[in-house]
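Chains C and F supply the protein sequences, listed in that same order.
The first sequence begins at 8 in this note's numbering and counts up by one.
The second sequence begins at 2 in this note's numbering and counts up by one.
Simulated from the structure, these hints should not be mistaken for lab results.
Note that the structure is a prediction, hence the values are computed from the model and not measured.
Glycine is no exception: its CB is placed at the ideal position from the N, C-alpha and C atoms.
It cannot be assumed that every hint is accurate.
[Unchecked claim] A few chain F residues that don't get close to chain C, going by computed Cβ distances all over 12 Å:
(1) 10
(2) 14
(3) 17
(4) 18
(5) 19
(6) 20
(7) 38
(8) 68
(9) 86
(10) 93
(11) 102
(12) 104
(13) 110
(14) 148
[Unchecked claim] In silico lysine-lysine, DSS-like type, Cα no more than 25 Å apart, as pairs:
(15) C/243 x F/8
(16) F/230 x C/346
(17) C/346 x F/161
[Said to hold, decoys possible] Beta-carbon label-pair distances, calculated as ranges:
(18) C/10 x F/76: 49 to 55 Å
(19) F/62 x C/13: 15 to 21 Å
(20) C/13 x F/194: 21 to 27 Å
Residue strings, one per chain:
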Amino acid sequence: MEAKLIETIIRGSLWVTYFLSLYFAVFWFLVYYAKLNHQERKKELKIFGKVTIAIPAYNEEDSIEITAKSACSLDYPNLEVIVVDDGSKDNTAKIVKKLMKKYSNLSLIQQSNRGKGAALNNALDNATGEYFVVFDADSEIKKDALRKMLPYFSNKNVAVVLPVLKVRRPKNYLQKMQWFEYLINMFFKELMSKLNCVHVAPGPFSVYRTSILRKVGKFDEDNLTEDLEMAFRLQKHDYRLIQLLDVDVTTIAPENVKQLYKQRNRWYKGAILNAWNYKSMFFNKKYGDFSFIQMPTVILSGIIALVMIFSIIYFAFKPYIIFFHNMYFVDFDFITVIKNLTFNIHILDYNFAVLAIGVAMFVVSLFIIKKSHVYTREKVFRHGFWSIFVYMNFYFLLLGTMWIGIAVDLVRRKKQKW
Amino acid sequence: MVRQISKEIYVVASILTGVIFLLGFFLGMVIEGKRIQYVETESKKQQLDLNSVQLQYSYIDQLSQQNNCEAVSKTFEKNIENLESTRIRLENFNQNAILGKSDFETLMREYSLAQIRYWLLAEKTKQLCNRDIVTVLYFFAEDKNCSDCNEEAFILTHMKKQFKDKLLIFSFRPELKHEPMIDLLANAHNVEKYPSIVIDDVTFSGFTEKDALLKHICSKYNSTPEPCKT
Numbered sequence: 008m009e010a011k012l013i014e015t016i017i018r019g020s021l022w023v024t025y026f027l028s029l030y031f032a033v034f035w036f037l038v039y040y041a042k043l044n045h046q047e048r049k050k051e052l053k054i055f056g057k058v059t060i061a062i063p064a065y066n067e068e069d070s071i072e073i074t075a076k077s078a079c080s081l082d083y084p085n086l087e088v089i090v091v092d093d094g095s096k097d098n099t100a101k102i103v104k105k106l107m108k109k110y111s112n113l114s115l116i117q118q119s120n121r122g123k124g125a126a127l128n129n130a131l132d133n134a135t136g137e138y139f140v141v142f143d144a145d146s147e148i149k150k151d152a153l154r155k156m157l158p159y160f161s162n163k164n165v166a167v168v169l170p171v172l173k174v175r176r177p178k179n180y181l182q183k184m185q186w187f188e189y190l191i192n193m194f195f196k197e198l199m200s201k202l203n204c205v206h207v208a209p210g211p212f213s214v215y216r217t218s219i220l221r222k223v224g225k226f227d228e229d230n231l232t233e234d235l236e237m238a239f240r241l242q243k244h245d246y247r248l249i250q251l252l253d254v255d256v257t258t259i260a261p262e263n264v265k266q267l268y269k270q271r272n273r274w275y276k277g278a279i280l281n282a283w284n285y286k287s288m289f290f291n292k293k294y295g296d297f298s299f300i301q302m303p304t305v306i307l308s309g310i311i312a313l314v315m316i317f318s319i320i321y322f323a324f325k326p327y328i329i330f331f332h333n334m335y336f337v338d339f340d341f342i343t344v345i346k347n348l349t350f351n352i353h354i355l356d357y358n359f360a361v362l363a364i365g366v367a368m369f370v371v372s373l374f375i376i377k378k379s380h381v382y383t384r385e386k387v388f389r390h391g392f393w394s395i396f397v398y399m400n401f402y403f404l405l406l407g408t409m410w411i412g413i414a415v416d417l418v419r420r421k422k423q424k425w
Numbered sequence: 002m003v004r005q006i007s008k009e010i011y012v013v014a015s016i017l018t019g020v021i022f023l024l025g026f027f028l029g030m031v032i033e034g035k036r037i038q039y040v041e042t043e044s045k046k047q048q049l050d051l052n053s054v055q056l057q058y059s060y061i062d063q064l065s066q067q068n069n070c071e072a073v074s075k076t077f078e079k080n081i082e083n084l085e086s087t088r089i090r091l092e093n094f095n096q097n098a099i100l101g102k103s104d105f106e107t108l109m110r111e112y113s114l115a116q117i118r119y120w121l122l123a124e125k126t127k128q129l130c131n132r133d134i135v136t137v138l139y140f141f142a143e144d145k146n147c148s149d150c151n152e153e154a155f156i157l158t159h160m161k162k163q164f165k166d167k168l169l170i171f172s173f174r175p176e177l178k179h180e181p182m183i184d185l186l187a188n189a190h191n192v193e194k195y196p197s198i199v200i201d202d203v204t205f206s207g208f209t210e211k212d213a214l215l216k217h218i219c220s221k222y223n224s225t226p227e228p229c230k231t
């Protein structure tokens with residue numbers, strides 16, 4: 008009876024999940040084809056307002072040179088670059104000091120290790136630019152980025168403009184899977200941008216209007232994901248966040264599962280905790296579409312991932328568990344079973360509802376993959392057929408499994424708290 | 002500043018999602034209709050097979066054509082196999098049924114009756130063709146009402162694989178409403194709980210382990226079949 012109840016719960020949650028996933032897919036399809044009033048407007052740059060690029064760095068001796076050089080070499084006349092060394096134990100500061108001899112607009116601030124948020128606030132305190140760029144030390148940007156991005160600030164309400172984030176030279180399948188994920192995320196973020204629903208301004212080259220940053224307060228130094236929290240705060244203050252698709256920034260993606268888990272644990276946990284902190288924005292007319300589609304999505308994406316992974320585990324393993332349990336009663340006589348193996352499958356045996364959902368999801372996934380590559384100016388087969396195959400079939404399982412760990416952490420934290 | 006809520010998109014997305022789900026539901030109904038149709042067709046075919054095999058035995062009986070027994074027995078065995086596989090399929094269809102439960106229940110009634118007919122024929126022809134076979138009646142209930150039925154069915158299926166045409170198993174689900182014949186059969190063999198297994202006139206009530214069944218089944222053969230030798 009208990010097993011029956013569990014199965015009913017799993018089946019019920021799965022149907023709710025199917026419905027919600029389908030709703031979200033249809034919703035974003037409509038946004039894609041909708042002609043909305045607030046399309047991004049840009050004006051040609053006539054005055055080159057000063058730009059401050061802040062590079063927070065902690066033990067980045069391997070990548071700081073590329074990042075700093077890439078920032079200093081931007082094709083923009085009015086630029087200052089500040090590297091904040093967050094108490095690195097390696098040669099980060101030494102490398103920056105050496106570079107300072109070559110680049111006059113480069114400066115270094117050293118602080119004891121207090122985290123990325125504190126490093127950014129330190130840079131913000133010292134920034135003299137009209138625009139403030141957060142530039143993670145493991146990223147690289149194209150020269151014309153600022154010239155392409157700053158024109159979008161013509162609207163006074165625009166607080167931040169974001170470039171396309173791409174994985175830099177993916178080597179193994181894990182990084183190649185992230186390559187697809189990043190491009191798809193960018194495509195979605197552009198759609199979100201259409202509804203002013205962008206909920207995160209990632210570290211690699213987010214361009215802020217400095218005055219707005221100072222007005223809404225500094226970066227939250229204790230936050231797991233200060234970039235996400237800042238985006239939530241800007242949304243709460245009714246500012247616009249714009250995602251572009253014609254400017255690229257590349258970043259290094261985790262190269263093994265352990266690193267990826269560490270990163271996702273921080274990202275997803277940060278997203279849930281921040282959504283909880285900003286719970287007054289859920290289904291609140293005051294915050295428009297952000298409150299009706301984006302806030303629920305932040306929470307539901309985790310729940311959907313968990314339901315999916317539990318259902319897959321349950322339905323995939325259940326027949327085998329039953330089979331081995333039953334084999335006990337026939338003394339594990341595998342020989343008879345193998346000798347009499349027959350395949351009596353009829354087309355009507357298939358569960359067509361699940362099959363139809365599977366086919367629909369596959370077609371939608373292909374559409375999204377194709378569109379996200381077109382809009383980010385990439386070729387779908389750039390990393391070969393197998394990387395797409397692996398991405399489509401296994402990546403969601405990997406992330407779903409990670410959600411289990413994250414859910415456990417969140418529950419534990421709650422227990423400790425209350 | 003008043004922020005925009007794209008009401009139209011929410012409404013259209015809800016309608017479209019609802020329509021897609023309804024389409025899915027109708028697809029499910031169409032498939033269910035096809036499943037009922039499939040089982041009905043199979044049922045007709047199997048009825049014809051039964052008539053044919055009955056006629057074949059009558060022919061052997063009346064014209065003393067015992068030399069044809071082996072060939073007819075093979076057809077008989079194949080028919081039972083088909084019947085059983087359709088019955089299992091039917092059980093699965095019934096479990097996933099949305100609205101056609103009553104149609105599937107009626108079909109299952111038909112299948113149970115067919116099983117009884119085959120069982121009676123098997124008993125009758127045992128002597129006629131001097132067949133050294135054992136017949137087993139298996140009474141079971143749905144999983145929720147019978148925690149051990151799944152295991153018992155697995156044991157019987159496994160034994161069938163071992164004994165092949167030397168063992169004939171007929172499955173009945175007395176829970177099936179409005180079928181007095183199964184009740185009659187169950188009462189005649191004192192079946193009071195599930196699973197129950199009837200071999201000749203002995204009823205094994207409740208879960209019975211493989212060894213106990215094997216011992217009893219083996220004692221019923223004139224010449225010892227292979228699985229009884231170990």
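Violating hint indices (sorted, rising): Result: hints 1, 2, 3, 4, 5, 6, 7, 9, 10, 14, 18, 19 break, sorted rising.
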